[in-house]
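There are 2 protein chains.
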Amino acid sequence: MGLLGSSVTLAILRSSRGIKAVGYSHRDQTRQKARKIGVADVIADDPAECVAQADVVILATPICTFETIFEQIAPELKDGAIITDVGSTKSMPHKWAANKLGKNVHYVGSHPIAGSEHSGLEFARDDLFSGSRCILTKNARTDSSAIETLKDFWKLVGCSVSVMTPAEHDKIFATVSHVPHITAAALVNASRDDHVKYSGKGFIDTTRVSSGPENVWSDILMTNPANIARGIDRVIKELTKFRDAITSDSQTKIEKLLQNARMKRAKLIEYKMRNKELI
Amino acid sequence: MGLLGSSVTLAILRSSRGIKAVGYSHRDQTRQKARKIGVADVIADDPAECVAQADVVILATPICTFETIFEQIAPELKDGAIITDVGSTKSMPHKWAANKLGKNVHYVGSHPIAGSEHSGLEFARDDLFSGSRCILTKNARTDSSAIETLKDFWKLVGCSVSVMTPAEHDKIFATVSHVPHITAAALVNASRDDHVKYSGKGFIDTTRVSSGPENVWSDILMTNPANIARGIDRVIKELTKFRDAITSDSQTKIEKLLQNARMKRAKLIEYKMRNKELI
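Chain order of the listed sequences is W and L. When you read off a place in the first sequence, starting at 1, and then add 4, the result is the number in the numbering used here. When you read off a place in the second sequence, starting at 1, and then add 4, the result is the number in the numbering used here.
Everything labelled a hint here was simulated from the structure, so no lab data went into it. Incorrect hints may appear among the rest.
Repeated chains share a single entry, so a pair holds when one copy, or any two copies, can fit it.
25 angstroms max Cα-Cα, derived PhoX-like pairs, lysine-lysine [as the list claims (entries may be wrong)]: (1) K159 x K280; (2) K271 x K205; (3) K107 x K82; (4) K201 x K159.
With the hints as extra help, turn the sequences into a complete structure.
This is how it looks when you write it as structure tokens:
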């Protein structure tokens, strides 16, 4: 029942299509707060009670907890239940699901591209997913009707849905999310406190994502190491091109590198505007 | 009469303290547009006419044009005139001013920490400087009453003012602005078009500054090479720490690097909120 979990249940309540939303948190304090705010129809007191009658189970915990949770809930699940999650890497969750969940249930990965640098149910919103994209991940064994059900579900809460393999997903999101997160953190770590107080909006925006919770992000980085290492190498290569152009005083090279970035980003913004993904 | 120049004259018009604002652009089309929109009291048709009666002259062109402009306007300036600029590096402008401007006028560097990734007078705003910091730069020979006049001026248009040497300025802004700009551009250049279309708000924000105009930014990078090269090296070092921690599967190290960034940035945001520099 953090930012994402509570936003999922709030979005379900808002959709009012007769779906009963049951929430669970391992923290007693969070369960009490969730009941008080009313972020779900029911807040269960243990995971077994939470999942026992569920048609769809959505994990919204740090990724490295999934393996244990799969093992813990497996005996409680209904035949035909669909298990998914909202985590930012997908290869490891698919592996854990294959090993720990029974053949009587269906795992599909979900990654709604929504959230913020904040965490906790205080920041949950019933419209967090409106206008967002949600990636579903499947492998050769994934049940196709489970995919269709989850497509309908994420569309119901406002997402447009894409489907790909976990390997494709993890490659793409290393580039567009995990490495940018590391770059933001590296920029902050490379700067002195007495210098950053002079920063403008540029530094603030460039580093925003590094304010995200480290327990969630360390799990993301731990479960996608090869793609991230390659991504860091690519960024270092591009930084080195700038360094070389600047120290050799080559205006032509500097302008070309800057222009390439500006034009690529302009194309991206245009695409996002056309698809109404920027609000 | 671009984004910054036009915002300066609009801010002067708004302050209505009997200051006459005279603008000039070398582009005929820009002068016509500036007259039509009324961004200054007068739009002059040549630089000599623009500066002849000026008490304060503010250059708002790409930095590498300053040397030529100083040479061009020097014979036209009134005795005691104050010359400044709104450029993002300060050591080279101070050198050029010492070489090209007469002893009868005073140069002080100004760097208002305001602007955006947009350019052109269409984006000018009379409140662009409200709540911003403006850095004034001086060396041992800088006239102290000229500094006082410029302090008053930037405060009038809404800035809080700090004074430092050009060397200090260029060291600080390599860290908080020039290197983050390069990092943003490097992130974009390191990513594939068919991947970035899946990006969320994180990538968009982390790379925003790289949409800035390359002619303005190449001049900034060209005039601060040593500080920027050292800054890039620091960022590469921090990226390499992440790479090592991730490829050696060290959760403790990853969490520590992420936590360090999160806590440093939290301190920065707290400082900015306290000083009302974030709106």
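Taking the hints in turn, this is what the structure says about them:
1. Proximity of K159 and K280 under a CA criterion of 25 angstroms is satisfied intra-copy only: 15 angstroms inside one chain copy versus 40 angstroms between copies.
2. In the homo-oligomer, the alpha carbons of K271 and K205 lie at most 25 angstroms apart both inside one protomer (23 angstroms) and across protomers (15 angstroms), since each shortest distance falls under that limit.
3. For the homomeric pair K107 and K82, the shortest alpha-carbon distance inside one copy (11 angstroms) is at most 25 angstroms, but the shortest distance between copies (87 angstroms) is not.
4. For a Cα distance limit of 25 angstroms, the shortest separation of K201 from K159 across copies, 19 angstroms, qualifies, whereas the shortest one inside one copy, 43 angstroms, does not.
Checked against the numbered hints given earlier, this structure breaks none of them.
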